[in-house]
Amino acid sequence: MEGSTVAEPKKSKGSMAIVFLLVGLLIGAAIGAGVMMVLGGGEEEHEYGNYLQDGFKLELFYNAGNTAREMSCQILKQNLELLNPGKIQITITGVEWAQYLELREQGAMPAMFLGWAPDYADPDNYIQPFYHQAGTYASMIGYGNDTLDGMIEAAATELNATLRAEMYKQISMDMYEECVFIWTAQATNFHAERDWLSGYYFNPMHSGLIYYSYDKPDTVSGVSDYDPDTFLMATIEGNPESLDPAIGYETAGGEIMQNVYETLLFYNGSSGVELVPVLATEVPTADNGGISNNGTTYIYHLRSDVKFHDNTTMTSEDVRYSIERALAINDPHGPAWMLGQVLIEDYYDYPAGAWNDTQDKFVPGVPLDEIAKAVWAPNATTIQFNLTTAYPAFIYAMCYNVASVISKTWVGENYGFSVVGGKTVNKLHDHMCGTGPYKFISWARSDRITMEAFADYHEGPAAIKNVIIQQVSEPQVRIMMLKTGEADCAAIPRDRMNDVRGQTGIRISEGNSTFNIDFLGLNQKLNLDALPNPEKTNVPADFFADRNVRLAFAHAFDYDKYIEDGLMGTAIQPNGAIPKGMFGYSEDVPRYKFDMNLAGMYLYLAKTPVEAEDAEASFLSDIIARVDL
Amino acid sequence: MRLANYIIKRLLLLIPVLIGVSLIIFTLTRITGDPAAGYINEKMTQSQIDQIYEKYHFNEPVYTQYVYWLNGIITLDWGWSKTYGGPVTDAIAYYFPATLELTLVSICIAIIIGIYLGIASAVRRNRPFDHVTRVVSLLGVSLPIFWLALILQYLFYFHFGWFPSSGRASNVYYLTKSIPDITGLYLLDSVLVGNFALFKDVLWHIFLPAVTLSFGTIAVVTRIMRNSMLEVLSLDYVKTARAKGLSERSIIWKHARKNAMIPTTTVIGLSFGGLLGGAVLTESIFSWPGLGRWSATSIKLFDSNSVLGFCLLVAIIYVLVNLAVDVLYAYLDPRVHLE
Chain A
1 MEGSTVAEPK KSKGSMAIVF LLVGLLIGAA IGAGVMMVLG GGEEEHEYGN YLQDGFKLEL
61 FYNAGNTARE MSCQILKQNL ELLNPGKIQI TITGVEWAQY LELREQGAMP AMFLGWAPDY
121 ADPDNYIQPF YHQAGTYASM IGYGNDTLDG MIEAAATELN ATLRAEMYKQ ISMDMYEECV
181 FIWTAQATNF HAERDWLSGY YFNPMHSGLI YYSYDKPDTV SGVSDYDPDT FLMATIEGNP
241 ESLDPAIGYE TAGGEIMQNV YETLLFYNGS SGVELVPVLA TEVPTADNGG ISNNGTTYIY
301 HLRSDVKFHD NTTMTSEDVR YSIERALAIN DPHGPAWMLG QVLIEDYYDY PAGAWNDTQD
361 KFVPGVPLDE IAKAVWAPNA TTIQFNLTTA YPAFIYAMCY NVASVISKTW VGENYGFSVV
421 GGKTVNKLHD HMCGTGPYKF ISWARSDRIT MEAFADYHEG PAAIKNVIIQ QVSEPQVRIM
481 MLKTGEADCA AIPRDRMNDV RGQTGIRISE GNSTFNIDFL GLNQKLNLDA LPNPEKTNVP
541 ADFFADRNVR LAFAHAFDYD KYIEDGLMGT AIQPNGAIPK GMFGYSEDVP RYKFDMNLAG
601 MYLYLAKTPV EAEDAEASFL SDIIARVDL
Chain B
1 MRLANYIIKR LLLLIPVLIG VSLIIFTLTR ITGDPAAGYI NEKMTQSQID QIYEKYHFNE
61 PVYTQYVYWL NGIITLDWGW SKTYGGPVTD AIAYYFPATL ELTLVSICIA IIIGIYLGIA
121 SAVRRNRPFD HVTRVVSLLG VSLPIFWLAL ILQYLFYFHF GWFPSSGRAS NVYYLTKSIP
181 DITGLYLLDS VLVGNFALFK DVLWHIFLPA VTLSFGTIAV VTRIMRNSML EVLSLDYVKT
241 ARAKGLSERS IIWKHARKNA MIPTTTVIGL SFGGLLGGAV LTESIFSWPG LGRWSATSIK
301 LFDSNSVLGF CLLVAIIYVL VNLAVDVLYA YLDPRVHLE
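Chains as they are written, first to last, in my numbering: chain A, 1 to 629; chain B, 1 to 339.
Since the hints were derived computationally from the structure, they do not count as laboratory data. One or more of the hints may lead you astray.
As the list claims (entries may be wrong) - The calculated EDC-like cross-link candidates involving lysine to aspartate or glutamate, where the alpha carbons are at most 16 Å apart (straight line), are:
id	chain 1	residue 1	chain 2	residue 2
1	A	K57	A	D542
2	B	K177	A	E452
3	A	K423	B	D90
Generate the whole structure from the sequences, applying the supplied hints.
Okay, here's the thing in structure tokens:
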């Protein structure tokens with residue numbers, strides 16, 4: 001069945017147009033050549049062939065163990081090679097993650113399959129990294145466009161939401177034409193839990209579950225050892241990197257933080273767009289005076305009835321201190337950049353904070369006077385942020401864990417850092433004191449994390465008293481735990497979904513769009529000197545700088561097959577960098593179609609320098625036969 | 001005195017061995033990919049990545065990196081384990097007792113069952129019991145351990161509900177923070193604080209993984225014990241004992257067993273060393289927070305500090321276990337002289 005989609009390519013209505021186009025090109029080329037000969041302009045040593053006829057060799061890489069990415073490579077290989085068997089040669093190589101990153105850093109990967117998950121629900125968090133030449137991925141693939149950069153910067157700072165949405169739509173449309181990245185999949189959720197639970201809802205911005213929304217009945221028949229007071233989550237293997245909101249920047253720790261700590265605002269229910277006040281009394285807007293007219297000042301009014309888990313009352317000083325602490329630590333692995341990028345002038349010039357033995361104290365990365373310019377507390381229930389530029393996404397960035405409010409008195413001196421036995425120790429790394437519905441109890445590494453409902457939670461105590469998040473390595477064991485009822489909920493991998501679907505006592509929730517996007521980056525400045533296997537790649541360094549080559553790859557990718565077979569149907573095809581469900585997404589932006597006719601045509605249009613004797617004009621019949629016109 | 005000298009000499013030999021091991025492992029971790037990979041995520045900017053290289057000296061020549069690392073080893077700063085979420089030394093102190101406890105219990109099971117089966121089948125040579133034992137031994141060495149673990153778990157957890165699915169203790173002990181933090185060996189700690197309910201619970205949790213882990217060792221111990229027992233039973237002093245009219249029970253369990261134990265001790269010692277290095281599959285299937293699972297996850301995440309720390313630890317364990325076996329050998333067999 002492999003490759004059947006290629007063997008029987010879709011009959012495009014544009015086939016005739018393509019014939020005309022090819023014939024036209026040939027005639028044009030012939031006339032041009034004739035004119036050149038007559039005018040004596042045939043001084044060039046090379047003529048230009050095309051990648052369809054001349055073929056090419058290319059090595060694709062994926063990180064070993066990632067079967068979905070491996071399958072992506074296979075799909076491209078099978079389809080592209082069929083366009084000119086023998087001459088188009090794609091080699092697929094699986095490399096360890098470390099080597100994958102190394103090759104990527106060296107610019108030695110012609111094409112790279114990667115994924116992107118959101119930090120905050122704003123299109124700038126997607127558009128900037130991919131399309132701005134200072135963005136992580138744009139710079140990685142050597143793409144830059146000054147006009148586009150201007151559009152991205154304008155959209156990021158535009159205060160009018162309607163206008164801003166239009167700007168992102170325009171950028172997405174332009175980028176569809178440019179085809180800098182190939183957007184392969186936007187994952188959808190798959191969630192399995194026992195049917196005695198109530199209160200689950202999916203939000204693409206949540207890290208794991210929000211346990212406060214859950215409830216369990218007092219009794220359930222037929223399940224031994226049923227415990228109405230405890231929620232057991234059987235999750236995958238992996239320890240949080242840190243439980244410190246200034247440092248933690250992954251989902252395992254993120255889940256704990258989202259239940260123990262709180263931010264001023266958070267996402268409303270299942271919405272990835274709408275925000276509701278949590279520790280603030282209202283969402284700041286221009287209308288209520290919370291956002292200044294120029295969009296650079298944000299004022300949050302705070303609740304006065306919020307208690308920390310150490311029973312102290314939250315004030316604006318705690319909020320100010322929490323932000324100051326994140327910027328003072330300024331961990332380069334961490335999420336502090338989300339705040340620093342718009343609160344601090346020349347933020348990226350500042351180093352990480354560190355313990356200084358000579359001074360015997362923690363020396364902040366971002367200087368305190370710079371932080372003081374950005375955040376201050378006018379009174380006990382008001383906190384103000386001064387941005388270096390208008391940035392409507394700021395309000396969303398402030399919903400990330402890095403802006404969690406921690407108890408200043410509990411943290412103590414030196415932002416919680418001290419030296420014990422000659423080693424710097426961060427108290428917040430494995431201890432927590434927030435305002436959230438659950439108190440942190442214990443973290444047994446590689447085993448389980450336990451939390452307990454906070455009796456003085458400002459919205460009333462959680463219905464389920466205890467939460468245990470247990471790491472269970474084997475999917476089969478997690479499935480058994482869910483089936484026996486030992487686990488209330490379990491993380492089920494895509495390839496095991498059918499083991500829990502339709503099972504008595506198990507409820508499934510699926511199909512909701514996450515904001516996780518898979519993509520293929522096409523390197524426009526390939527570092528040929530760093531290729532690990534130079535014999536497997538013969539394209540020039542600027543192979544993917546040719547838009548036609550990029551479009552050929554985009555149309556040679558069978559999106560449906562990838563989503564159905566590679567991702568077990570748990571995804572949709574995106575139409576650009578901005579995921580469906582996020583502000584700035586537009587359904588009007590088209591998607592690339594899997595169309596081998598178009599793939600062949602674009603490869604034909606893509607020019608490659610060849611020796612004159614190799615450039616023959618007798619290939620039209622081959623092309624027509626091959627692309628099944 | 002001779003024994004003390006021997007032990008000191010062997011311990012001193014540990015130094016070049018460890019330097020050799022560290023050189024090999026360090027070089028391997030540096031040639032299999034960028035060591036910074038474990039610290040870099042997909043969202044970092046170049047300036048942030050540069051900071052990582054600087055912080056961990058990855059931008060310096062490999063030999064300089066080695067010196068930094070070796071200096072850390074000597075000063076007990078083995079680096080940060082990303083997988084554990086803390087210093088490598090803390091990670092070892094946390095994971096090692098879990099593995100040690102599992103190993104001790106499984107070795108105890110293996111010794112008791114293996115030695116009994118070995119002796120019994122030697123005594124009943126070529127009788128049905130011997131044949132059955134032989135088949136069981138064959139199964140023990142040929143069954144994939146992950147398969148056995150899953151089968152045991154399916155039967156005794158999922159089907160019968162007699163044993164827990166995973167972990168070292170029940171949730172209630174974690175929620176009430178009532179697991180004592182003394183040695184990290186929960187069985188021992190629970191006895192030390194007199195919490196026998198916890199002792200029972202831990203024993204209940206360790207049973208299936210320990211049985212799984214002991215299966216292979218039982219098979220080997222049984223075979224070695226049987227063969228050496230047969231050899232000993234044919235020796236003259238056994239015949240003399242029989243001629244003297246000693247009871248068969250006394251001959252087997254008192255006179256023959258001790259001599260037959262000599263080769264078995266070597267096998268048990270080496271198995272013990274191997275198991276201490278971490279039983280990756282058993283620990284993974286029973287979600288046992290031990291060295292094996294930690295090392296496997298560290299390798300997957302290219303957490304080079306953890307991998308280096310783990311390898312060094314295993315090298316130390318092997319050398320020490322070998323030393324212990326040699327010393328034990330001398331005790332069991334007076335003909336062996338330690339030099």
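Status of the hints after comparison with the structure:
Among the hinted pairs, K57 of chain A with D542 of chain A is consistent with the structure: their alpha-carbon atoms are about 14 Å apart, no more than 16 Å. With a CA separation close to 12 Å, the supplied pair K177 of chain B and E452 of chain A stays within the 16 Å bound. Simply put, K423 of chain A and D90 of chain B have alpha-carbon atoms about 12 Å apart, close enough for the 16 Å limit, and the pair holds.
Hint check: no violations occur; every hint is consistent with the structure.
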